[in-house]
Amino acid sequence: MNGLIELQLWQLAAAYMFVVVLLFIVRVKGISREKEILISSIRMTVQLVLVGYILVYLFDNVNPFSTVIVIIIMETFAIHNIYKRAKGKLSRPLKKIIATSMIFGTLTSLTYFLLIVINNSPWYDPRYFIPIAGMLIGNSMTGISLGVTRLVDGMYAERHLIESALMLGATPKKAAKQIVDSAFDSAILPTINSMVGMGIVFLPGMMTGQILSGISPISAIEYQIAIMLGILGTVALTVIVFVQLGYKTFFNEESQLNMDDSK
Amino acid sequence: MFLLKEVSYKDILTIKNLHIPKQKITCIVGESGSGKTTLLRLLNRLTSYDSGEIFYQNQLIKDIDPVELRRNVVMLPQTPAIFSGTIKDNLLIGLKFSEKTMPTDQQLGDMLKLVHLKKDLDQDAEKLSGGEKQRVALGRVILMQPEVLLLDEPSSALDEETEHTIIEALVNYSKENKKTLIMVTHSTKLASEFADEIIKIKEGQFLRKEEVSK
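Same order as they appear, the protein sequences are chains F and G. Under our numbering, the first residue of the first sequence carries the number 1, and numbering increases by one thereafter. Under our numbering, the first residue of the second sequence carries the number 1001, and numbering increases by one thereafter.
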């Protein structure tokens, strides 16, 4: 196998030229999105350059503390991002539950994955730990975000039905069951769809990266299969914990709906 | 059946002393916004009062498990709740929610007759008209056979004639089965015709209770 072709600066510059051409087209066509395209390209560049140097540093200085700090930063960022995407619709108790389910779900899966499936040594080796943690946390973040939206919107949109169910002597669990189920579905669906299309519609990023760097496609798919199962498991686990605890925040201890009319 | 003492809820409803009798038909009348629905919600514990005491069969309702209470004191909201599915699904859902035994299709058919709904059980409930939905929702709570039925304007979407027939059937059912019926209505005519007692509420204050002599 040949090693990876190292990109020269001029080759990168050519990639930017591509975006400049795109910007030109967008401007001529009067689609007023130049700013967004420009900002996101610059942001992406800066973030990746930074992360590149940080990873080089971490790989050269392997120790458990820096790995633990990295995962704390990742979790914090992911949880904060879920809050931000929900646009202020979240109550305090619900926020706590989002954080709990993210941390519990992703750390449980990560532990299983690193210790049993991959069995790398030492466990904190950033070369394995960081990319895998990133994929598990990132996908759970997307999943919970979708689940949160469906749960909160559903509880508000269908509060009349939920309250009517309570009037008929339903427990909060039964009254909210439909919404809880559909929140779970909408959270897990993107993961399932991507598994279905995988290998036919697209080659996943991790596998593409490994193949580009000269690893045999067979080894690459082994990793990809393992990581996809890990992602599916993690998303399912975090979302189950989230919906099972999350719906309870909409009820009080007297089994009444506990929502502000103002929202 | 119910006894309310010095009950107040925000500035929406205040009741000094009120007794609602067992196995009778009680109508609650008053202008819209006067607190009639709030009174029903307090009895069903969907709303908790701020101060005072409410007793259900001599037991403080705060000491009763709310879900358990609601299975004996079932409330029908003014806007009927229709769940996705057929008429049959909608009739059965109350029994499912409250974990009671399921009736036969024959019994469900009889219930449709009682509420004067000439429809098939397997029809889609969401396609019914407002008045038909209201009758499905009414049939649903009667099927649950609770001790107390709290009905919030159960006939608001019905024409006058159907309204009269349905309320009459409902009142007869309650008397035959020794159930307590508490009903909010805007129609003083209905109240004076069918009620044993009438509770009058004005601007969040319980005014008086009248016994209707027949």
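It is possible that some hints are incorrect.
[As the list claims (entries may be wrong)] Incomplete in silico selection of chain G near chain F, CB under 10 Å:
{"no.": "1", "residue": "Ile1012"}
{"no.": "2", "residue": "Leu1046"}
{"no.": "3", "residue": "Ile1082"}
{"no.": "4", "residue": "Lys1088"}
[Claimed, not checked] DMTMM-like cross-link-like pairs, simulated, lysine to aspartate or glutamate; straight-line CA separation at most 25 Å:
{"no.": "5", "chain 1": "F", "residue 1": "Lys248", "chain 2": "G", "residue 2": "Glu1126"}
{"no.": "6", "chain 1": "G", "residue 1": "Lys1096", "chain 2": "F", "residue 2": "Glu158"}
{"no.": "7", "chain 1": "G", "residue 1": "Lys1010", "chain 2": "F", "residue 2": "Glu254"}
{"no.": "8", "chain 1": "F", "residue 1": "Lys177", "chain 2": "G", "residue 2": "Asp1050"}
{"no.": "9", "chain 1": "G", "residue 1": "Lys1127", "chain 2": "F", "residue 2": "Glu158"}
{"no.": "10", "chain 1": "F", "residue 1": "Lys174", "chain 2": "G", "residue 2": "Glu1211"}
{"no.": "11", "chain 1": "F", "residue 1": "Lys174", "chain 2": "G", "residue 2": "Glu1126"}
{"no.": "12", "chain 1": "G", "residue 1": "Lys1189", "chain 2": "G", "residue 2": "Glu1211"}
{"no.": "13", "chain 1": "G", "residue 1": "Lys1062", "chain 2": "F", "residue 2": "Asp181"}
{"no.": "14", "chain 1": "F", "residue 1": "Lys84", "chain 2": "F", "residue 2": "Glu163"}
{"no.": "15", "chain 1": "G", "residue 1": "Lys1022", "chain 2": "G", "residue 2": "Asp1065"}
{"no.": "16", "chain 1": "G", "residue 1": "Lys1127", "chain 2": "F", "residue 2": "Glu254"}
{"no.": "17", "chain 1": "G", "residue 1": "Lys1005", "chain 2": "F", "residue 2": "Glu254"}
{"no.": "18", "chain 1": "F", "residue 1": "Lys173", "chain 2": "G", "residue 2": "Glu1099"}
{"no.": "19", "chain 1": "G", "residue 1": "Lys1062", "chain 2": "G", "residue 2": "Asp1050"}
Treat the hints as calculated values from the structure; they're not laboratory data. Everything numeric in this text was worked out from a predicted model, so none of it was measured. Where a beta carbon is used, it is the ideal one built from N, C-alpha and C, also for glycine.
Here is how each hint holds up against the structure:
With 10 Å as the threshold, the beta carbon of Ile1012 (chain G) stays out of range of chain F, its nearest partner Cβ sitting at about 13 Å, so the hint is violated. At its closest, the beta carbon of Leu1046 (chain G) sits 6 Å from a beta carbon of chain F; the interface hint therefore holds under the 10 Å criterion. The interface hint given for Ile1082 (chain G) is met, as the beta carbon of that residue sits about 8 Å from the closest beta carbon of chain F, less than 10 Å. With its C-beta approaching chain F no nearer than about 16 Å, Lys1088 (chain G) sits outside the 10 Å limit, and its interface hint is violated.
Proposed proximity of Lys248 (chain F) and Glu1126 (chain G) is contradicted: the alpha carbons are some 28 Å apart, above 25 Å. Between the alpha carbons of Lys1096 (chain G) and Glu158 (chain F) the distance comes to roughly 19 Å, so the proposed pair stays at or under 25 Å and holds. Proposed proximity of Lys1010 (chain G) and Glu254 (chain F) is supported: the alpha carbons are some 18 Å apart, at most 25 Å. Proximity of Lys177 (chain F) to Asp1050 (chain G) is assessed by CA-CA distance (about 30 Å); at most 25 Å being required, the pair is judged violated.
A C-alpha spacing of about 18 Å is found between Lys1127 (chain G) and Glu158 (chain F), which places the hinted pair at or below 25 Å, so the restraint holds. At most 25 Å may separate the alpha-carbon atoms for a hinted pair to count; Lys174 (chain F) and Glu1211 (chain G) exceed this at roughly 40 Å. The suggested pairing of Lys174 (chain F) with Glu1126 (chain G) holds, with an alpha-carbon distance near 21 Å, which does not exceed 25 Å. A C-alpha spacing of about 15 Å is found between Lys1189 (chain G) and Glu1211 (chain G), which places the hinted pair at or below 25 Å, so the restraint holds.
Between Lys1062 (chain G) and Asp181 (chain F), the direct Cα distance comes to roughly 31 Å. Violation of the 25 Å bound is thereby established for this hinted pair. With a CA separation close to 29 Å, the supplied pair Lys84 (chain F) and Glu163 (chain F) exceeds the 25 Å bound. As the CA atoms of Lys1022 (chain G) and Asp1065 (chain G) are separated by approximately 21 Å, the hinted pair is consistent with the 25 Å bound. The suggested pairing of Lys1127 (chain G) with Glu254 (chain F) is violated, with an alpha-carbon distance near 34 Å, which exceeds 25 Å.
For the hint linking Lys1005 (chain G) to Glu254 (chain F), the alpha-carbon distance of about 21 Å falls within 25 Å, and the restraint holds. Of the pairs offered as hints, the one joining Lys173 (chain F) and Glu1099 (chain G) holds, with about 13 Å between alpha carbons and a cut-off of 25 Å not exceeded. Only pairs whose Cα atoms come within 25 Å are accepted, and Lys1062 (chain G) paired with Asp1050 (chain G) is accepted, the gap being roughly 12 Å.
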